[in-house]
Every structure is written in C-alpha cells, then in structure tokens.
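Can you join these two chains into the complex? Each is in its own frame, and there are hints to help.
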Amino acid sequence: ETGVTQTPRHLVMGMTNKKSLKCEQHLGHNAMYWYKQSAKKPLELMFVYNFKEQTENNSVPSRFSPECPNSSHLFLHLHTLQPEDSALYLCASSPGNEQFFGPGTRLTVL
Amino acid sequence: QKEVEQNSGPLSVPEGAIASLNCTYSDRGSQSFFWYRQYSGKSPELIMFIYSNGDKEDGRFTAQLNKASQYVSLLIRDSQPSDSATYLCAVEDYSGGSNYKLTFGKGTLLTVNP
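So the protein lines, in turn, are chains A and B.
441 is the number of the first residue of the first sequence in the working numbering; add one for each residue after it.
16 is the number of the first residue of the second sequence in the working numbering; add one for each residue after it.
In case anyone wonders, no lab produced these hints; they're calculated from the structure.
Model, not experiment: these values are computed from the prediction.
Any given hint could turn out to be false.
Said to hold, decoys possible - Non-contacting residues of chain B with respect to chain A, defined by C-beta distances greater than 12 Å in every case (computed): (1) S23; (2) G69; (3) L80; (4) N81; (5) D108; (6) G120.
As the list claims (entries may be wrong) - Ranges between beta-carbon positions, derived for each pair: (7) B:R75 <-> A:R546: 28 to 38 Å; (8) A:M455 <-> B:A32: 44 to 54 Å; (9) B:S67 <-> A:H517: 40 to 50 Å; (10) A:G536 <-> B:N22: 25 to 35 Å; (11) A:G536 <-> B:N68: 45 to 55 Å; (12) A:G536 <-> B:Y54: 18 to 28 Å; (13) A:H450 <-> B:P96: 24 to 34 Å; (14) A:G536 <-> B:S84: 40 to 50 Å; (15) A:H450 <-> B:P129: 25 to 35 Å; (16) B:E20 <-> A:E524: 36 to 46 Å.
What the hints assert, rightly or not - Cβ-to-Cβ under 10 Å is the rule here; a few derived chain B residues that face chain A: (17) R75; (18) Q79; (19) A105; (20) E107; (21) Y115.
The beta carbon of each residue, even a glycine, is placed where N, CA and C say it ideally should be.
With the rest of the complex left out, here is chain B (with noise of 0.2 Å):
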C-alpha cells in the first residue's frame, strides 16, 4: 500500500510570514508530485506540480522535491489570509499505458493570521 504522509497541522502562521508545508512518500519509483488547495466545503484546486529533484517557482509558490529522502514541499511566501486552506500533497501512481493514478495524503490546515 502506497502511503503519502503529511501533518494535519493545523499550521498557523502570521500574515507575510513564509508557510511551509511537508510531505513524505512511501514509493521510491515515485515520478510525479502535485499540490492541491482546499477550501473549506470545495473541491480540491491543483496548484502545483514538480517532476523533477530541485525547486519549482510559480508566484508566492515554490515546489521543492528531493527523491532521495522520499521529500516533497510547498512553500508559500508572503502569506495571505487567503491562503487559509488544505493543502493536500498527491504522488503518482502509474501503472502503465494511460493508467494514471494518485495517492493523496490527509492534507495539512493553513491558517494565516491577519
């Protein structure tokens, strides 16, 4: 069973500050990392995603990925009340011809303080 941990937090921090979200995989062959958004009574919003070992930039955003340690990240800079989410950290699954799949983690809860 693929397994995709993440602290369900909550994790709280101060308007600007930087929010940094974690997440760990079980699945070495793992190729494909995504990071969803959440709000409450939504459906998840893909916000990022990272192929390859390094950093990632989009806006505020910034994916980092170490496959080595089995290691993905968000980080979100300048921290805005709007950011107060789920973060939900999803790894690929693929299983071959155009079977596609992700395991999802519990999610992590943001909240940015004004």
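Chain A extracted, bound-state conformation (with noise of 0.2 Å):
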C-alpha cells in the first residue's frame, strides 16, 4: 500500500457513456499525475497538477478532461471515448521527484 487510493478498480463503458475514475492520497503530496499504460507501451504521462494546478497537459485529447479540486483529490472525467482508449490508467502522488502510484482503474471500452 502507497497511501494512493483510485476507485473503480475495474470499469467497462460504452462509447457514449461518461464516467469519472477518482484518485485519492492522503501523504501530503503537492503533486498529482495520471498515466495511461497500455499493452506493449511505456507508461504515458497524460496530465500533471502541482498544487491543484494543472502543470502538464500531454496532449491528451479532450475526451479526457482532469480535475483536481484539491491537492488529495484527483479525477478523471471520461466522455466519448474511443476502444483504443481501453488501458490502465494509473494516478501517482509525489513529494518532489519520487512517485508513488495507485493500484490503477483497468478500463474496457466497447
């Protein structure tokens, strides 16, 4: 256990649905990042938030919209999104330049 917490742990959704994958830590990090890793990839920085503002948007497409309303909670919004979105998608918290990740949200979009 990291002290990073992301529900759900598993999710299946349609194309048209929108749901949010939540991220959680209690460490008193004052950085937050969401990764997507898939198959056969490194792991891909999607966005960074460095006392809840967002620092890093890496080119993520706006079907993927971040929120981050304070620096222990960190969401990910999804909307319309596509099959080759299906990946695990990972949250990490960090004091500085050491990341401790999240169990991760496997996701399967139909």
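Here's what the structure looks like:
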C-alpha cells in the first residue's frame, strides 16, 4: 500500500457513456499525476497537477478531462471514449521527484 | 523527445543467480534515476533511486549509474522466483520549480526459474 487509492478498480463503458475515475492521497504530497499504461508501450504521462494547478497536459484528447479540487483528490472525467482508450489508468502522487502509484483502474471501452 | 531504452526481454535467470537489468537514456542533463517493479496486473512500485555516479546498494538490489555513458542498471543478487516481474527504468525530467516528471522505459520482463 502506497497510500494512493483509486476507484473504481475496474470499469467497462460504452463509447457514449460518461464516467469518472477518482484518485485520493493523504500523504501530504503536492503533485498528482495521471498516466495511461497500454500493452507493449511505456507509461504515458497524461496530466500533472502541482498544488491543484495543472502544469502539464501531454497532448491528451479532450475526451479526457482532469479535475483537481484540492491537493488530495484528482479526477479523470471520461466521455465519448474510443476502444483504443482501453488501458490501465494509473494515478501517482509525489512529494518531489519520487512518485508513488495507486493500484490503477482497468478501463475497457466497448 | 526524451527517450529511455530498455531491453524488453524476457530475461530469464535461475534462482540464486544475479539478474542484470540495463537502461540507457537520451537526455545528458538528467540527474535522477528510478527503478520500479511491476508485477503482472499490479501498479509500479518504487524499489530504488540513484542520483550520483557509482553504485548504490539496498539489500539484494544494487543500482549503478554512469552519467558519461548515459547508462543506469539494476543488479538483483540471489534472485528469487518472487522477483519475477517487469522492471521499469524511469528518468527524471525536471523543468524547474516543483515541476517534476518522469520518462519511463517500456520495461524488462524478468523471470526467475526455481
């Protein structure tokens, strides 16, 4: 257990659905991250938040919409996704340069 | 585009042997390097980090860094079947202030055979 939790752990959605992924950390870390992990590919950084402010959007399609209401919570809102968006979505938090990952949400888009 | 290269493997070693995992990186200015272990179906777990040239030991794990060659490695001594996992190399991409990012390699799959 790293102290980073993610819900749900598994999600199946249709292309017309709207869903949200949630990440929570109470470690006092100031930075939070969303990553996408697909088979045979490196971890892809999607978004970075520092002290609730977005500091990185790695050319992510607008069908992914992040939200960081406070330094402990991070959301990823999903709408009109494509089958190729099926992947493991990982949240991480960091006090500096070491990152600690949550368990991930396994997303399947039908 | 900063790159981190790892052999995808699989790397297969017998139990009790030394497993050697290698990583090269493209950004000569990188300062911090991390090794994560990821079991199948699980999330990455930080196992080692190294900032200075040379060796850093933690139990059965030794990280080695050579900034001149842009090379970082992880040695696992007395390998155990429980070490079977994918090992991810990550390199820090620091853009100032509190803006830390990591660039990950694809990972090397290690299998330790009993």
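So, going through the hints one by one against the coordinates:
Non-interface call for S23 of chain B relative to chain A: violated, since the shortest CB-CB distance, roughly 8 Å, does not exceed 12 Å. No beta-carbon of chain A comes within 12 Å of the beta-carbon of G69 of chain B; the shortest separation is about 19 Å. For L80 of chain B, the condition that its CB be more than 12 Å from all CB atoms of chain A holds, with the nearest at approximately 15 Å. Listed as outside the interface, N81 of chain B is consistent with that label: its C-beta sits roughly 20 Å from the nearest C-beta of chain A, beyond the 12 Å cut-off.
The claim that D108 of chain B lies off the interface is violated: its Cβ sits roughly 9 Å from the closest Cβ of chain A, which falls inside the 12 Å cut-off. Remark: the non-interface label on G120 of chain B conflicts with the geometry, its nearest Cβ contact in chain A lying 6 Å away (cut-off 12 Å). One distance hint, 28 to 38 Å for the beta-carbon pair R75 of chain B and R546 of chain A, holds here, with the actual separation near 31 Å. A hinted range of 44 to 54 Å for the beta carbons of M455 of chain A and A32 of chain B is consistent with their spacing of about 48 Å.
Against the hinted window of 40 to 50 Å, the Cβ-Cβ separation of S67 of chain B and H517 of chain A comes to about 42 Å, which satisfies the hint. Hint check: G536 of chain A to N22 of chain B, Cβ distance near 29 Å, so the stated range 25 to 35 Å holds. Taking the beta carbon of each, G536 of chain A and N68 of chain B are about 21 Å apart, not inside 45 to 55 Å as hinted. Taking 18 to 28 Å as the suggested C-beta distance range, the pair G536 of chain A and Y54 of chain B conforms, at roughly 25 Å.
Between H450 of chain A and P96 of chain B the beta carbon distance is about 28 Å. The supplied range of 24 to 34 Å therefore holds. For G536 of chain A paired with S84 of chain B, a C-beta distance near 26 Å fails the hint of 40 to 50 Å. At about 32 Å, the CB distance of H450 of chain A to P129 of chain B agrees with the hint of 25 to 35 Å. Checked against the hint of 36 to 46 Å, the pair E20 of chain B and E524 of chain A fails, with Cβ atoms roughly 25 Å apart.
Hint on R75 of chain B is violated. Least Cβ distance to chain A is approximately 20 Å, over the 10 Å limit. Among the interface hints, the one on Q79 of chain B is violated; its C-beta lies about 19 Å from the nearest C-beta in chain A, farther than the 10 Å criterion. With its C-beta approaching chain A no nearer than about 8 Å, A105 of chain B sits inside the 10 Å limit, and its interface hint holds. About 5 Å separates the beta-carbon of E107 of chain B from the nearest beta-carbon of chain A, less than 10 Å, and the hint is met.
With 10 Å as the threshold, the beta carbon of Y115 of chain B comes within range of chain A, its nearest partner Cβ sitting at about 4 Å, so the hint holds.
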